[in-house]
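*Asks:* Could you put together the complete structure from these sequences and hints?
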Amino acid sequence: MLRLIGVESIADLFKNIPPDLRLDRPLAVPGALNEIDLSRHMVELAAKNRSADDAPCFLGGGSYDHFIPAVVDAIGGRSEFYTAYTPYQAEASQGSLQAFYEFQTMICQLTGLDVSNASLYEGGSSVAEAVLMAMTVTGRTGKVVIAESVHPEYRKTLETYLANLVPRVETLPTPHGFLDPDDAKKAIDDTTACVVVQHPNFFGCLEEVEALAALAKAKGALFVVSFDPISVGILKRPGQYGADIAVAEGQCLGNPMAYGGPYLGLLACREPFVRKIPGRLVGQTVDRHGKRCWVLTMQTREQHIRREKATSNICTNQGLFALRAAVYLAAVGPQGLKETAELCTRKAHYAAQELTKLPGVKLRFDRPYFKEFTLAMPKPVPALLSRILGRKFHAGLPLGQWYPALAACVSVAVTEKRSREEIDGLVAAYEVELGASGHRHDLLSKPGERLLA
Amino acid sequence: MDKNQSTELLFEMSHPGRRAHLLPQCDVPVPPAAELLPPDALADAPPPLPGVSEIDLIRHFTNLSTRNMSIDTNFYPLGSCTMKYNPKRHERMAALPGLANLHPLQSDESCQGMLEMLWDMQNILAEIAGLDAVSLQPAAGAQGELAALLVAAAYFRHKKEARTRVLIPDSAHGTNPASAALAGFDTVSIKSNARGLVDLADLQSKLDDRTAVFMITNPNTLGLFDDQIATITGLLHKQGALVYLDGANMNAILGITRPGDFGIDMMHYNVHKTFTGPHGAGGPGSGPIAVRKPLIPFLPAPLVAKTENGFHLDYDRPLSIGRVRSFFANVGILLRGYCYIRTLGPKGLRDVSENAVLNANYLLSRLKAEFDVPHGDRCMHEFVASARNLRKERKISAMDIAKRLLDFGYHAPTVYFPLVVPEALMIEPTETESKETLDAFADALIKIKGEDPQFLHDAPHTLMLSRPDEVKAAKEPVLRWKP
Chain W
1 MLRLIGVESI
11 ADLFKNIPPD
21 LRLDRPLAVP
31 GALNEIDLSR
41 HMVELAAKNR
51 SADDAPCFLG
61 GGSYDHFIPA
71 VVDAIGGRSE
81 FYTAYTPYQA
91 EASQGSLQAF
101 YEFQTMICQL
111 TGLDVSNASL
121 YEGGSSVAEA
131 VLMAMTVTGR
141 TGKVVIAESV
151 HPEYRKTLET
161 YLANLVPRVE
171 TLPTPHGFLD
181 PDDAKKAIDD
191 TTACVVVQHP
201 NFFGCLEEVE
211 ALAALAKAKG
221 ALFVVSFDPI
231 SVGILKRPGQ
241 YGADIAVAEG
251 QCLGNPMAYG
261 GPYLGLLACR
271 EPFVRKIPGR
281 LVGQTVDRHG
291 KRCWVLTMQT
301 REQHIRREKA
311 TSNICTNQGL
321 FALRAAVYLA
331 AVGPQGLKET
341 AELCTRKAHY
351 AAQELTKLPG
361 VKLRFDRPYF
371 KEFTLAMPKP
381 VPALLSRILG
391 RKFHAGLPLG
401 QWYPALAACV
411 SVAVTEKRSR
421 EEIDGLVAAY
431 EVELGASGHR
441 HDLLSKPGER
451 LLA
Chain G
1 MDKNQSTELL
11 FEMSHPGRRA
21 HLLPQCDVPV
31 PPAAELLPPD
41 ALADAPPPLP
51 GVSEIDLIRH
61 FTNLSTRNMS
71 IDTNFYPLGS
81 CTMKYNPKRH
91 ERMAALPGLA
101 NLHPLQSDES
111 CQGMLEMLWD
121 MQNILAEIAG
131 LDAVSLQPAA
141 GAQGELAALL
151 VAAAYFRHKK
161 EARTRVLIPD
171 SAHGTNPASA
181 ALAGFDTVSI
191 KSNARGLVDL
201 ADLQSKLDDR
211 TAVFMITNPN
221 TLGLFDDQIA
231 TITGLLHKQG
241 ALVYLDGANM
251 NAILGITRPG
261 DFGIDMMHYN
271 VHKTFTGPHG
281 AGGPGSGPIA
291 VRKPLIPFLP
301 APLVAKTENG
311 FHLDYDRPLS
321 IGRVRSFFAN
331 VGILLRGYCY
341 IRTLGPKGLR
351 DVSENAVLNA
361 NYLLSRLKAE
371 FDVPHGDRCM
381 HEFVASARNL
391 RKERKISAMD
401 IAKRLLDFGY
411 HAPTVYFPLV
421 VPEALMIEPT
431 ETESKETLDA
441 FADALIKIKG
451 EDPQFLHDAP
461 HTLMLSRPDE
471 VKAAKEPVLR
481 WKP
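If you're matching them up, the sequences are chains W and G in order. Going by my numbering, the first residue of the first sequence is number 1, and it counts up by one from there. Going by my numbering, the first residue of the second sequence is number 1, and it counts up by one from there.
The reader is advised that the hints may include incorrect statements.
[Stated by the list, open to error] With a straight-line cut-off of 25 Å between C-alpha atoms, the simulated SDA-like cross-links for lysine to any residue are:
#	chain 1	residue 1	chain 2	residue 2
1	G	88	W	37
2	W	276	W	167
3	W	217	W	191
4	G	88	W	43
5	G	472	W	304
6	W	309	G	476
7	G	191	W	304
8	W	309	G	191
9	G	447	W	3
10	G	482	W	288
11	G	160	G	204
12	G	347	W	23
13	G	347	W	2
14	G	472	W	37
15	G	88	W	36
16	G	447	W	4
17	G	306	W	28
18	G	306	W	31
19	W	309	G	474
20	G	475	W	112
21	G	368	W	112
22	W	291	G	453
23	G	88	W	47
24	G	435	W	167
25	G	368	W	8
26	G	88	W	364
27	G	475	W	288
28	W	417	G	28
If you're looking for bench data, these hints aren't it; they were derived computationally from the structure.
*Replies:* Rendered as structure tokens:
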């Protein structure tokens, strides 16, 4: 090969790099591992973690331990999908393109809206993208109104994205676990690009979405909702209560929790905004023989064509996870999604009912909730949760890290995967660690056997 | 063999009531959900998703998968995308329950192994960059660009310097100007010179105290290492500005030269490219950023920190820009990158770049007598050929060649990018391809060049479809199935 190139050594190929800029030592990274040693190393690292397989997971806050049907892994593990790239060459990418078209359709079906893109990164930047889109659609750069009950990390992401742009982010307090429409009414004005809520919100509570949609609309602002894709198995869909743009974290649709990513951002909107949508879109067309097929389309919105005037800077999205979500949604179908949502609701309500029987434990908010709920605890929260983890339960999220006023509160999420036995075990663990004596001790093995290794 | 099963849409195969997944009966004694939630919040019916049986679902998507080209089935020399082989062991490691089934908000004490891996990855990526600290947070390269530019903006704001401009070469990826605009900067385009490198005179004429950042891709999108880099970074630093490296092309320089050593202040990695993600038909990616010491306080939070008590997520970063996404990072992709780097070690990483550059130069040498390569007869990990003469003389376009290659079982190169080369064919073979594959690909290109122009306009001829009507798709958008 060198002979054909016309050089004597590989080093000659790097002559354009000035010698004084070259690294004159090996990189200081760990030495090479063969596959057996790598496997051992990774298994050892994994063993230092307490996963949802080791301790039933009652953590939520945007990432959930929902069940992943085997069909999702089987299709997601097809290397014809996962080792392909962005389907620029339509003839060589019909598999991905058709799957993304089906994904877009199912996201429209989930949201009750007209158009979905082919995915964004995850829930937080999807909120930011929706807000940027609302600014373009309305031409308004005054302010963005957002409820404090939206996921704190989504709000932080939004603030970071908008840091050097014109609009101000006005965060409305939600002391009662939801955005009071009266408070929203006072905040929304003629310069408001959009009103952003999450429904069910970060606390698991339902928002007054219909009233809020009407208030936004009355002032010409867009109504942006971050929704839970599982919840629409029983709850109204965003398009049904007046959302203009719906976004979501799609992790719950067949994707592992994986310590936070990769996940999947969903974004759907009403038809008139289609030219302002961020990210990739797959469209149907015909080939030169008139045969139906699919292509990436409306690319003049995108950064590789429009550069600094693009609707977003996004390039790589979450293709493989959009595929997984499509397989998940097709596997569960309408009835399966409904049953999943139903199970989450009932199990969460059962857990809340049993936990609030413990002395001093109360539901913090008097609001309807879906699959997670907020409890006020009679004992300092972080230490309590740490002790319950010793009893092999991921028992809830301490809310004080995001809401100082809720320092005594825990958010508990319950998915369809949690059995009654696990919920009863959680209640018993809380009971013991809260120091309440009761009848549930028999459900626990001796604490000594359960402590973290 | 006609695969009709995959040409039908799921919705057309749907039969109400069919399903591929069964759920358990409710085992808790509470009323139905309809009695637990307010009636006005409830939908009359669940979303109208398709209903399909398990076998039909699997057959549908399995057959669809066979209608893709992929690295595992075809040579995929898509320039700028680094389509190298994705080792199977990474998939197995990423699926370990102790790594895949961790909740992002579980306590630090309960995921010490994960934090250890991420801590190592921060340090390894800093070492490869020759820079001082790394944030693993950004979800992809473009988000890394945005995060780093926000860091730059915060840094200058902290120094009370009003710098409003980002300078970007005309050969840059489109994400560069798009990210700069989103970060609140005005963008200024810098010309390329006849060698395909930064035009120093143009750079100097546009460089002043309004300049915040110069974004450079080096090696650049033409596959050339800009040997003026020390001069360039010197000029920028003299003006008090920062230099950003788009790390899309790191596959060419691992262990050979380090961005920090050639004057770069901040950069992103594309873990899904350089450290073999895989690409997932367009993501997920992972776009960590590395920065020089003065910029560390502004990095997104949290970073992984280590104390005598073990590892923890450090949120105590008062000058941080905030965060560009929810949760820690695209950990699953970082984990695969970690496995890759641990498998290779220092020598293996250097071998990657040496072989990537060797393969690209070999292919270039096979083709340069047959194709116009405007920017020289040497390259780094990729090169850009042009069909401009073929177009002029025989009306054969870069797209014709790209489409015809599909008939030979090769994925097309990147076409019509970079914008500075007319009729561009951007070819990146990567280090994982054999000489035999490269020779066969070169033979195919040379054969195609001699084929009848009309035959090429009509290519591909052997795939299930040919030349979709993209104008129709954009003008009359059909973006979803409707009953």
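*Asks:* Has the given pair, residue 482 of chain G with residue 288 of chain W, been kept, meaning a C-alpha gap of at most 25 Å?
*Replies:* This hinted pair holds, its Cα atoms lying about 24 Å apart.
*Asks:* Holds or violated: are the alpha carbons of residue 368 of chain G and residue 112 of chain W at most 25 Å from each other?
*Replies:* Distance of about 54 Å is beyond 25 Å: violated.
*Asks:* Given the hint that residue 472 of chain G pairs with residue 304 of chain W, does the C-alpha gap stay at or below 25 Å?
*Replies:* holds, 20 Å
*Asks:* Tell me if the straight-line CA distance from residue 447 of chain G to residue 4 of chain W falls inside 25 Å.
*Replies:* Holds - the C-alpha atoms of residue 4 of chain W and residue 447 of chain G are around 20 Å apart, at most 25 Å.
*Asks:* Run the distance test for residue 191 of chain G versus residue 304 of chain W: straight-line Cα separation, threshold 25 Å.
*Replies:* holds, 18 Å
*Asks:* Hinted pair, alpha-carbon criterion (25 Å max): residue 309 of chain W, residue 476 of chain G. Please report holds or violated.
*Replies:* Measuring from Cα to Cα gives roughly 23 Å; hence the hint holds.
*Asks:* Is the hinted pair residue 309 of chain W and residue 191 of chain G satisfied, with a Cα-Cα distance of at most 25 Å?
*Replies:* Holds - the C-alpha atoms of residue 191 of chain G and residue 309 of chain W are around 19 Å apart, at most 25 Å.
*Asks:* For a C-alpha distance cap of 25 Å, please report whether residue 88 of chain G and residue 47 of chain W respect it.
*Replies:* holds, 21 Å
*Asks:* Are residue 306 of chain G and residue 28 of chain W close enough, with their CA atoms no more than 25 Å apart?
*Replies:* holds, 19 Å
*Asks:* Given the proposed pairing of residue 417 of chain W with residue 28 of chain G, does the C-alpha separation stay at or below 25 Å?
*Replies:* Roughly 13 Å between the alpha carbons, so the hint for residue 417 of chain W and residue 28 of chain G holds.
*Asks:* Regarding the pair residue 435 of chain G and residue 167 of chain W, is the alpha-carbon distance no greater than 25 Å?
*Replies:* violated, 55 Å
*Asks:* Would you check the hint for residue 447 of chain G and residue 3 of chain W, treating anything up to 25 Å between C-alpha atoms as holding?
*Replies:* Measuring from Cα to Cα gives roughly 23 Å; hence the hint holds.
Against the hints set out earlier in the document, violations occur for numbers 14, 21, 24 and 26.
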